[in-house]
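Chains as they are written, first to last, in this note's numbering: chain A, 1 to 247; chain B, 1 to 113; chain C, 1 to 109.
It is worth saying that the hints were derived from the structure and are not from the lab.
Incorrect hints may have been included.
As the list claims (entries may be wrong) - Beta-carbon label-pair distances, calculated as ranges: (1) A:C61 x B:V23: 44 to 52 angstroms; (2) C:N86 x A:K87: 24 to 32 angstroms; (3) C:R44 x A:R120: 55 to 63 angstroms.
We treat Cβ as the ideally placed atom computed from N, Cα and C, and that holds for glycine.
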Amino acid sequence: MREPALQHSEKTLDVSVWQGNAAGGGYRSYSVPAQESQTILDVVTWIQHNLEPKLAYRFACRVGMCGSCAMMVNGKPRWTCRTHVQKVVEGHSLTIAPLRNLPVIKDLACDMSEFFDKWRRAEGVFHPTSTREEEIAPILPSDPERIAASEAIECINCAVCYAACDVVALNPEFLGPAALNRAWTLINDARDGARIARLKAVSVAGGCHNCHSQQSCMTYCPTELNPALSIAGLKRVTAIAAMKGEI
Amino acid sequence: MLRPHRRHPLWFAYILHRISGLVLALFLPAHFYVLGLALNDAAELDAFLIWAELPLVLFAEFGLVFLLAVHIFGGLRLLALEFLPWSPRQKTYAALATALSFFVSGGFLLSAV
Amino acid sequence: MLDVRLYLAQRISAILMAPLVLGHLAVMIYATQGGLSAAEILSRTQGSLWWGLYYGLFVIAVSVHASIGLRVIANEYLKLSGAGLNAFTWLTGFVLLALGGRAVAAVVL
Chain A
1 MREPALQHSE KTLDVSVWQG NAAGGGYRSY SVPAQESQTI LDVVTWIQHN
51 LEPKLAYRFA CRVGMCGSCA MMVNGKPRWT CRTHVQKVVE GHSLTIAPLR
101 NLPVIKDLAC DMSEFFDKWR RAEGVFHPTS TREEEIAPIL PSDPERIAAS
151 EAIECINCAV CYAACDVVAL NPEFLGPAAL NRAWTLINDA RDGARIARLK
201 AVSVAGGCHN CHSQQSCMTY CPTELNPALS IAGLKRVTAI AAMKGEI
Chain B
1 MLRPHRRHPL WFAYILHRIS GLVLALFLPA HFYVLGLALN DAAELDAFLI
51 WAELPLVLFA EFGLVFLLAV HIFGGLRLLA LEFLPWSPRQ KTYAALATAL
101 SFFVSGGFLL SAV
Chain C
1 MLDVRLYLAQ RISAILMAPL VLGHLAVMIY ATQGGLSAAE ILSRTQGSLW
51 WGLYYGLFVI AVSVHASIGL RVIANEYLKL SGAGLNAFTW LTGFVLLALG
101 GRAVAAVVL
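Based on the provided sequences and hints, a complete structural model is requested.
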């Protein structure tokens, strides 16, 4: 008789999962069989399949490219599909909660509306300056501005940085690392036509100047982006523009 | 117990900068008041300065000098972060600023004792 | 709660103060050797235009810098905002300027 491909160990995990809604909630504990190779998403899925059918959570690709499965794992914001239990388990314990700094819809699913609203408010939107009738804009890969934009462009809007940021927690107006990071990529996009509007958008009371450089955003970004770097760039560009009277 | 997501060096650098700034801002009015005593009568200032000989006061002064040093060296680190091209050595600079602050405030303590 | 202009005021006052603070640290280490006395301090500062300018500039810069720094703390922890926050900022700046100006006058005049 063939052995099963995955050996179940004798160990179990003690998993606390936050459940509730916008009105409130609390943690419930479960015993989950520990396996050799297991992600936090596997754990949440096992709980929903076997113990808690009403548990609400989000995931899609389960391979680390969509950003849907982000949650707080033992107090740190992570992609649950790419977080191995072995790497984060504390003894036998795991604590799983919805992302910080966002309102909860139900259990582990939070309302991302304000995250995307701030994206728009930071003018994280491309404004084209030419049409299909004109020549394609010649942007060289070696262009320093293009390099700067490319380094920050891979954001998949998972909100891990937003959850990690204490300024977001303390200042509801703060646009947040992801929105400002995107604004920075567009400042560096030579084809974009809304530079002044964008500089003004990130210079408001909740703008880039409220960042305290804690750099939790870059510490936790699963795509290894650096919003703190982008925000520093925005500070530089807006300071110069303000001194020149452009904004 | 510090929340898990805060347990990294650059967050400590941030909170140290904030605490040092706050303490200095609260200390300043007292500092200005004591110096202002010289306005009326230098002897009044001298009477206050006697307290500065006490070990506890000296240690508090050492603390204040440390906080001033850490605030300015941390501040220079932030100005470099914001206005110079980005360096990947952020944690190193934060550590250097703190080390230099101990050095400077240690120098003060040794000269004041 | 900073916009670009408050941010600039904060950073510019910081840059102005950098050499002043370094000088102040050096003076402190020098002055505390052998104990502090009013006579010793005043012998350096009394009647000195340069010390007056040095500490005068220091007081102006720190009034701007500290009041903006306290503004951020008041907004983030005490949740002050709008007119209340502005009043707080101006008040702290004014108090520091007044007390600091008096202190500079006390040691220079």
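Status of each hint after checking the structure:
At roughly 48 angstroms, the beta carbons of C61 of chain A and V23 of chain B sit within the given window of 44 to 52 angstroms. Checked against the given bound of 24 to 32 angstroms, the beta carbons of N86 of chain C and K87 of chain A, roughly 48 angstroms apart, lie outside it. Checked against the hint of 55 to 63 angstroms, the pair R44 of chain C and R120 of chain A passes, with Cβ atoms roughly 58 angstroms apart.
Of the hints listed earlier, the one the structure fails to meet is number 2.
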